[in-house]
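Undergrad: Here is how the chains run, residue by residue.
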Amino acid sequence: MIGYGNDIDEEEKSTFIDLTRKHLGEADIVHPDFDKQVDVYLTTCSQDSEAICEAFKKHV
Amino acid sequence: MKNICFINGSLRGKKASSLVFLNCISSMLAEAEFNTDIINVRVKAKERYSEELLKTISRADAIIMVYPLFTCGIRGSLMRLLEDFYLYAKGKANNKAAMVYIVVNCGFPRPEIMGELIRVMKNFCRRLLLNWRFAICMGGGPVAAMTVKTPLLNIKYRKAFSAIVADIRHGDTMQKDDYFIKPIIPEPIMLWIKAQYEKKMQTAAARE
Chain L
1 MIGYGNDIDE EEKSTFIDLT RKHLGEADIV HPDFDKQVDV YLTTCSQDSE
51 AICEAFKKHV
Chain F
61 MKNICFINGS LRGKKASSLV FLNCISSMLA EAEFNTDIIN VRVKAKERYS
111 EELLKTISRA DAIIMVYPLF TCGIRGSLMR LLEDFYLYAK GKANNKAAMV
161 YIVVNCGFPR PEIMGELIRV MKNFCRRLLL NWRFAICMGG GPVAAMTVKT
211 PLLNIKYRKA FSAIVADIRH GDTMQKDDYF IKPIIPEPIM LWIKAQYEKK
261 MQTAAARE
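Going line by line, the protein sequences match chains L and F.
The letter at position 32 of the first sequence is residue 32 when you use our numbering, and the numbering goes up by one with no holes.
Our numbering runs 60 ahead of the 1-based position in the second sequence.
The set of hints was computed from the structure by calculation and includes no laboratory data.
Take these hints with a grain of salt, some might be off.
Derived contacts from chain L toward chain F, CB cut-off under 10 Å, selection only [claimed, not checked]:
id: 1; residue: I2
id: 2; residue: Y4
id: 3; residue: I8
id: 4; residue: D9
id: 5; residue: E11
id: 6; residue: E12
id: 7; residue: S14
id: 8; residue: T20
id: 9; residue: K22
id: 10; residue: H23
Listed next, the in silico DSS-like pairs over lysine-lysine satisfying Cα-Cα at most 27 Å (straight line) [what the hints assert, rightly or not]:
id: 11; chain 1: F; residue 1: K104; chain 2: F; residue 2: K115
id: 12; chain 1: F; residue 1: K254; chain 2: F; residue 2: K236
id: 13; chain 1: F; residue 1: K62; chain 2: L; residue 2: K22
id: 14; chain 1: F; residue 1: K216; chain 2: L; residue 2: K13
id: 15; chain 1: F; residue 1: K254; chain 2: F; residue 2: K62
id: 16; chain 1: F; residue 1: K236; chain 2: L; residue 2: K22
id: 17; chain 1: L; residue 1: K13; chain 2: F; residue 2: K182
id: 18; chain 1: F; residue 1: K254; chain 2: L; residue 2: K22
id: 19; chain 1: F; residue 1: K236; chain 2: L; residue 2: K13
id: 20; chain 1: F; residue 1: K115; chain 2: F; residue 2: K74
id: 21; chain 1: F; residue 1: K152; chain 2: L; residue 2: K22
id: 22; chain 1: F; residue 1: K62; chain 2: L; residue 2: K13
The beta-carbon is built from N, C-alpha and C at its ideal position, and this holds for glycine as well.
Given the sequences, and given the hints that come with them, work out the whole structure.
TA: The structure is reproduced here in structure tokens:
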């Protein structure tokens with residue numbers, strides 16, 4: 001899961017990641033049976049894309 | 061006279077637990093001291109909220125948002141209102157640093173699940189230079205709504221709601237702790253009721 005926001009600060013970034021990562025199953029963000037197979041990222045600019053792709057490759 | 065703006069973030073109309081909490085807090089505000097406005101969120105808001113309505117929020121001395129937890133966060137209808145208000149208020153030099161309170165209920169027995177939601181609201185306040193005060197988080201929403209109306213059983217709720225009124229009245233600045241109120245029914249019984257309800261729903265769905 002990848003969030004995006006071009007003007008967010010560090011606290012907003014960590015809030016998004018914590019909220020999504022912590023409540024994946026309970027919040028029906030993903031199916032509860034798949035919540036172990038999900039990770040969360042947040043990008044603020046296109047320069048992050050490479051690092052996100054590298055992380056994504058580990059899951060597929 | 062201080063302006064208080066309530067935001068009712070529930071879409072359940074008169075059946076909403078949030079409305080019970082809102083009315084309870086509103087009844088504690090003396091009419092001679094406070095001017096109150098209530099804003100209800102809309103379903104499927106295709107158009108932006110009106111400037112007049114957003115102005116009502118911006119001129120408030122205190123904003124009290126009352127709403128249910130939705131997927132561990134904020135329901136889209138309320139999010140739309142907050143986004144519209146953000147676009148309306150950002151960059152305006154004459155914004156009031158309104159005191160902000162949230163009163164949130166959820167179906168889960170443990171209100172601590174709302175920890176991240178509080179962070180979301182704090183972030184929102186920081187962006188608009190609003191004065192975040194504290195949250196009242198209540199587990200077992202419908203049970204809490206019934207308890208609020210029951211003398212002797214409602215002491216924790218009344219105490220928390222009174223804290224909002226006192227905070228606004230005195231214009232307190234010292235940071236205060238959030239309130240986390242568990243339902244009066246023990247958690248195992250709450251979970252049993254939930255399981256029975258879900259079982260009933262599944263049976264009904266299977267019949268269809």
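Undergrad: Decide, hint by hint, whether the structure agrees.
TA: Structure-based check of each hint:
{"no.": "1", "hint": "I2", "verdict": "violated, 17 Å"}
{"no.": "2", "hint": "Y4", "verdict": "violated, 15 Å"}
{"no.": "3", "hint": "I8", "verdict": "holds, 9 Å"}
{"no.": "4", "hint": "D9", "verdict": "holds, 8 Å"}
{"no.": "5", "hint": "E11", "verdict": "holds, 6 Å"}
{"no.": "6", "hint": "E12", "verdict": "holds, 5 Å"}
{"no.": "7", "hint": "S14", "verdict": "holds, 8 Å"}
{"no.": "8", "hint": "T20", "verdict": "holds, 9 Å"}
{"no.": "9", "hint": "K22", "verdict": "holds, 7 Å"}
{"no.": "10", "hint": "H23", "verdict": "holds, 4 Å"}
{"no.": "11", "hint": "F:K104 / F:K115", "verdict": "holds, 21 Å"}
{"no.": "12", "hint": "F:K254 / F:K236", "verdict": "violated, 33 Å"}
{"no.": "13", "hint": "F:K62 / L:K22", "verdict": "violated, 39 Å"}
{"no.": "14", "hint": "F:K216 / L:K13", "verdict": "violated, 34 Å"}
{"no.": "15", "hint": "F:K254 / F:K62", "verdict": "violated, 42 Å"}
{"no.": "16", "hint": "F:K236 / L:K22", "verdict": "holds, 25 Å"}
{"no.": "17", "hint": "L:K13 / F:K182", "verdict": "holds, 13 Å"}
{"no.": "18", "hint": "F:K254 / L:K22", "verdict": "holds, 22 Å"}
{"no.": "19", "hint": "F:K236 / L:K13", "verdict": "holds, 24 Å"}
{"no.": "20", "hint": "F:K115 / F:K74", "verdict": "holds, 26 Å"}
{"no.": "21", "hint": "F:K152 / L:K22", "verdict": "violated, 35 Å"}
{"no.": "22", "hint": "F:K62 / L:K13", "verdict": "violated, 35 Å"}
Violated hints, listed in ascending order, are 1, 2, 12, 13, 14, 15, 21, 22; each of the other numbered hints is respected by the structure.
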